[in-house]
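Visitor: Residue-level listing of the chains:
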Amino acid sequence: MSKRLGLVFDQERCIGCEACTVACKNENEGSGYWIQVETQNVSQKDTPAGKFPNLEMKFLPRLCNHCSNPPCVEVCPNDALMKRDDGPVVLHEDLCDGCQACNNACPYNIIIYNEEKNISEKCNLCVHRIDHGLEPFCVICCEGQAIHFGDLNDPSSDVSKMIAKRDKFQLKPELKTDPSVYYCHPKPRRRL
Amino acid sequence: MTEENDIKLVRTACPAHCGVDSCGILAHVKGDRIVKLEPGEFPFKIDNRICLRGLSSLDITYHPDRLKYPMKRVGERGEGKFERISWDEAFDIIADNLKKIADKYGWRSIGWVLGGPGGGTTKFGAYLRLASLTQSTRVSAWGYGDAGLPCGSRVIFGHQFPHMYLFGQLWMRQFPELLVVWGSNPGESMPVHIMRKVMDAKEEGSQLIVIDPRFTITASKADEYIGLKPATDSALALGLINVIFKNGLHDVNFIQEHTNGTHLVRTDNGKFLKGEDVGESQGKAYIIWDEKTNSHNRVRRSNVKSASITGTYQVNGIECKPAFQLLIDLAMDYSPEKTSEITGVEADLIRKLGERIGKAKSVMFHTFMGLTRTYHGDISMRSLATVASITGNVNTSIKAGPGVRTPTPLNWDPFLHAIKEKPSYHRLGILNLYEAVISGDPFPVKALWFAFINFLNQCVDTNKLINEFYPKLEFIVQTELFMTPSARYADLLLPVCSFLEFSDYISGPYPYLQLQKKVIEPLYESKSDVDIVVGLAERLGFSEYFKGGEEGMIDMIMDHPSLKGVSRDLLEKGAYLLPEVPEGATFPLNFPTPSKKIELYAEQLLEDGQALPVYLPPLEAPITSKKGKYPLTFIQGHSRFRTHSSFANVSSLLKLNPEPLVEINPIDANKRNISDNDMVTVFNDRGRTTLKARLSESVGPGVVNISEGWWIEQFKEGSVNHLTHAVINPVQKKVYEPNMHMNDVAVEVIKSEEMGK
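Those protein sequence lines, which keep their order, are chains E and W.
Residues in the first sequence are numbered from 1 upward in steps of one, following this note's numbering.
Residues in the second sequence are numbered from 1 upward in steps of one, following this note's numbering.
Among these hints, one or two may not hold up.
Said to hold, decoys possible - Part of the chain E face toward chain W, derived, beta carbon under 8 Å: (1) E18; (2) R62; (3) L192.
Derived from the structure by calculation, the hints contain no laboratory data.
Cβ atoms here follow ideal geometry from the backbone N, Cα and C, with glycine treated the same way.
Just chain E, with the same shape it has in the complex (with noise of 0.2 Å):
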């Protein structure tokens, strides 16, 4: 069986700190931000959800689902967006004429369209390093070690374990994108 590069987000463990945010635009150099952090449930960033004292604050990496079908490869006029065999679902800006139908495609609205240089940009799940047998470059700056790359075909990697183990969900399942990004819930509290 082939590979299935993908991540894993562990709810329990990211505190929205937005360090992969900075991370990916520093390693990337894209226009905007390719992973961007929301908190769960709220209008407003870093606002909990609830009423005082009884709250809840979530937060919600998102970025390029990496999915199994993906929409945006489908709709690209010129093959600039390419779903590799081991999983990353790659955009290559040199055959990116800006036309955005990828933008447009993207469920999951997270194809960033760089004005100035009239090309789309996204999250390509750090192929520059990974080929090279190096992690994302997101993954090796999480502060609280939330996120995990591995191959989600092999049952012993670790992120095949995690999604295994724990309370997971994919974004949008309805639509059949299949995600290679996965979230694991926070674990249950355990009240006094």
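Position chain W against the provided structure of chain E, taking the given hints into account.
Guide: The following block gives chain W in isolation, referenced to the frame of chain E:
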């Protein structure tokens, strides 16, 4: 240093002042420019890390606003008008002025105000050495928010820090059954060194309790969040002691063996019963009631196990109680219901928490400076430590075991005391400095040198500083990277290097030692603080004491028996892992208090009415009293986007967090007709600040929060410290040095458009 294509890799360490996280940093250098920073390797991969500030450090090094050359003031102080001069001129002007002022008022009228060196050591040490040589005045920065914790810790444990007694094992990855994080938000202020381990503890099975007036990022990870009213921590602690004692969950053996809870206190005057009161030969000995013999005796190792900790006794006609009984008498006034009224925490939750702390096999209490930034913050520290002590959750020794490594003291002697035969420097707390400058008490201070401190921005009562403090100073020097609000008040402004442009010794993070290695040559005409001190020492005739410059200072501070075999050269290769404590070894943790035990009862504070960790209402925080002129309690949390005021001007971080916000509970906002994003004015009699409102449940009704560290010019008007006060707590002054009480401030908030109507 390794080469990879045309990229040179240099391992260094970030010394930022974030609880001394001291992340290892690997810098990628192309030509003479650093192009990338990433986590540097540690011997244990689990410790590799960087944070979003560390990742943004190149934006400081290559910031277009860097101060590029020495400058002298040409406009009014505060105006920010300066003129370029050479380093030679700068050193001449400084030496002339310091000599003139020293001739007129004495060297002690010259103060060195050294802020947070973070992980840095020699940049701090070099100034101390020069202060020592000139017998001028070192202004301690503990009092700018960090003196309350030492004050409390000194009283109960006899030691500057409570860390090793309460939560040292966290660093060694020894996790408790119950982890109580009290008044601290490591999730933002110490995200990698502490917060990671807090989450590791949780993964290993610890139950996490977070006690904080603000629902912080740390609180969001808690199994149970206890949202108390600000400055009511001591009341909560007494409520917990009440529950623990009523349920018989206190640790009698521990109290007998390690605390002064057994020592008899005279009920007539509150003083300890001493040998001399009962005709003992050892007049100064403490006396206990021995249950075995049913008589009094002086305290000995052999009789503590039968020493009574409760009850009332007559000794030679003097009525006495064991100190623990007095603590319980006090705690009996704090039923869960009464404690609930004061703290705002549900009585049932107080009961459950008390029982859980009492029953858990091991409890670790983690706290830091934020807890103690209220007028009685030193008592908050003591009361937390009292809960830990009566339940036996204080470490009394360090035992060899996995992850336990020997700590390494630094050789501070040559810095604290440069010439053994001569007196060293004078010392002033930073809050005492206000009076020294303004009214000459206890002695006049006429010239100040500020290094790694954004004094005006970060210290309390901005208007007092501008109107009463600065005008009294005859000469001000500041070393800085940027034209900060404080830099504008300098007479002479000296450009310093960012951490990537000089070397220093970093004695952390546990269990490592690191070299902060110079990655590139200083940019523009900047110099490191050490090099600046060396230049000044030359003018003052002390150059022989600063031979070898930066590297000489590093070798000097590393010259300690515990660092045998560890050299600067060795650290160049990477982080050094401290050796493990030899198997079977145990190091006792002593309590250098008057009784040589944990002091549940501190006779030294009897006259102040604080022999016990009493709950005293805050100075200003109006939340526990009737509504006054300023009905809201103003507190200042820390932001992950800054280390105090550092990084506030970094554009990459400003994109994620563009402006100051005042967090206000929707209930208070609605009463004032304030909506999210409205411009509002926060004010009291001392000053005001205008900024955007953020409606948030992260603070309870009656509380508003503005994160500290934003620069004055980033507010539409004023700043956080236009609201704070410089009131000195005399007990803290007596015990150690007075703290600034940034979290004990009363304010009102209104929509800006209504201000002045």
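Visitor: All the hints need checking, so say for each whether the structure fits it.
Guide: Hints, one by one, checked against the model:
{"no.": "1", "hint": "E18", "verdict": "6 Å, holds"}
{"no.": "2", "hint": "R62", "verdict": "14 Å, violated"}
{"no.": "3", "hint": "L192", "verdict": "4 Å, holds"}
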